[in-house]
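S.K.: Sequence:
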Amino acid sequence: AISEYFFAIEKREGEIVMESNIFKALKMAQDEVLMCRFLADLLDPKGRNKLDTSFLKSFLEVCLQMDCAKLKTLERTCVMTEYLIDNGRRIDIMLQHPQFSIPIEAKINAGDQESQCYDYHFYARNAKLVYLTKSHETKPSLWTMQSKDKGNTLEESAVTCISWKSICTWLGEWRTRQPKSDQNAELLEQVRQYIEAIEWFLSDSKKQSRDWNFLIRTKRCGSALRPLTTAIWLVVFVWWRRREKTIGCK
Numbered sequence: 001a002i003s004e005y006f007f008a009i010e011k012r013e014g015e016i017v018m019e020s021n022i023f024k025a026l027k028m029a030q031d032e033v034l035m036c037r038f039l040a041d042l043l044d045p046k047g048r049n050k051l052d053t054s055f056l057k058s059f060l061e062v063c064l065q066m067d068c069a070k071l072k073t074l075e076r077t078c079v080m081t082e083y084l085i086d087n088g089r090r091i092d093i094m095l096q097h098p099q100f101s102i103p104i105e106a107k108i109n110a111g112d113q114e115s116q117c118y119d120y121h122f123y124a125r126n127a128k129l130v131y132l133t134k135s136h137e138t139k140p141s142l143w144t145m146q147s148k149d150k151g152n153t154l155e156e157s158a159v160t161c162i163s164w165k166s167i168c169t170w171l172g173e174w175r176t177r178q179p180k181s182d183q184n185a186e187l188l189e190q191v192r193q194y195i196e197a198i199e200w201f202l203s204d205s206k207k208q209s210r211d212w213n214f215l216i217r218t219k220r221c222g223s224a225l226r227p228l229t230t231a232i233w234l235v236v237f238v239w240w241r242r243r244e245k246t247i248g249c250k
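If you read the sequence shown in the working numbering, its first letter stands for residue 1, the second for the next number, and so on.
Be a bit skeptical, because a hint or two may be false.
Below 25 Å or equal to it, Euclidean Cα-Cα: the simulated DSS-like pairs (lysine-lysine) are [claimed, not checked]:
| id | residue 1 | residue 2 |
| --- | --- | --- |
| 1 | 70 | 50 |
| 2 | 107 | 57 |
| 3 | 46 | 72 |
| 4 | 128 | 148 |
| 5 | 128 | 70 |
The set of hints was computed from the structure by calculation and includes no laboratory data.
The whole structure should be built from the sequences, with the hints applied where relevant.
M.R.: Shown next as structure tokens:
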């Protein structure tokens, strides 16, 4: 109801379409904590959206490539955010079930932290640590995979790397399969805006990358031209000094 005061809302049968994106309007789109809270609520069988276990099962199978054939009673899965561990760190999303435990570390703009993945992997059980970043090609750095004393290093095989883009694809496919009705219209619109918010910060990252590459090329170009610039100024200086001497002689 509050959103109707701030955003124009078009209501159709079984569908709600808002002109503005609340995630971007409230500056939530690049906030890892808030974006993870929304995702966790979708995954939680006991979440406020009251989705059944098929949503969680779909996430495990599609995004994490897990075999859920032997998993029973998924409704007993406990989904927590900012899960506090022994050393005072907080895991972004924690999935706990009698048969598995899955810690999920999400990155939007934040960089790796020292020994973060190494510390988190101890909380994985019958599953891998999930490393969620903007690109599936992004791998955890050695800094975060090593123990603080540098004596141990976590193997890459212990980590599942997924991307926010894959989350978009999965959510989009899920959304298109849902029937349009007044009962789930609000949820479908929330998911649409969530997808849009993710696509926005992904496209913004590409723009920043292009700007950064342009800056690097400009800097390299400047470095390459610096000797030529110095030579030109030297020629001008010598010419000016000779001109001064000529004028002085006259």
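S.K.: Mind listing which of the numbered hints don't hold for this structure, in increasing order?
M.R.: none
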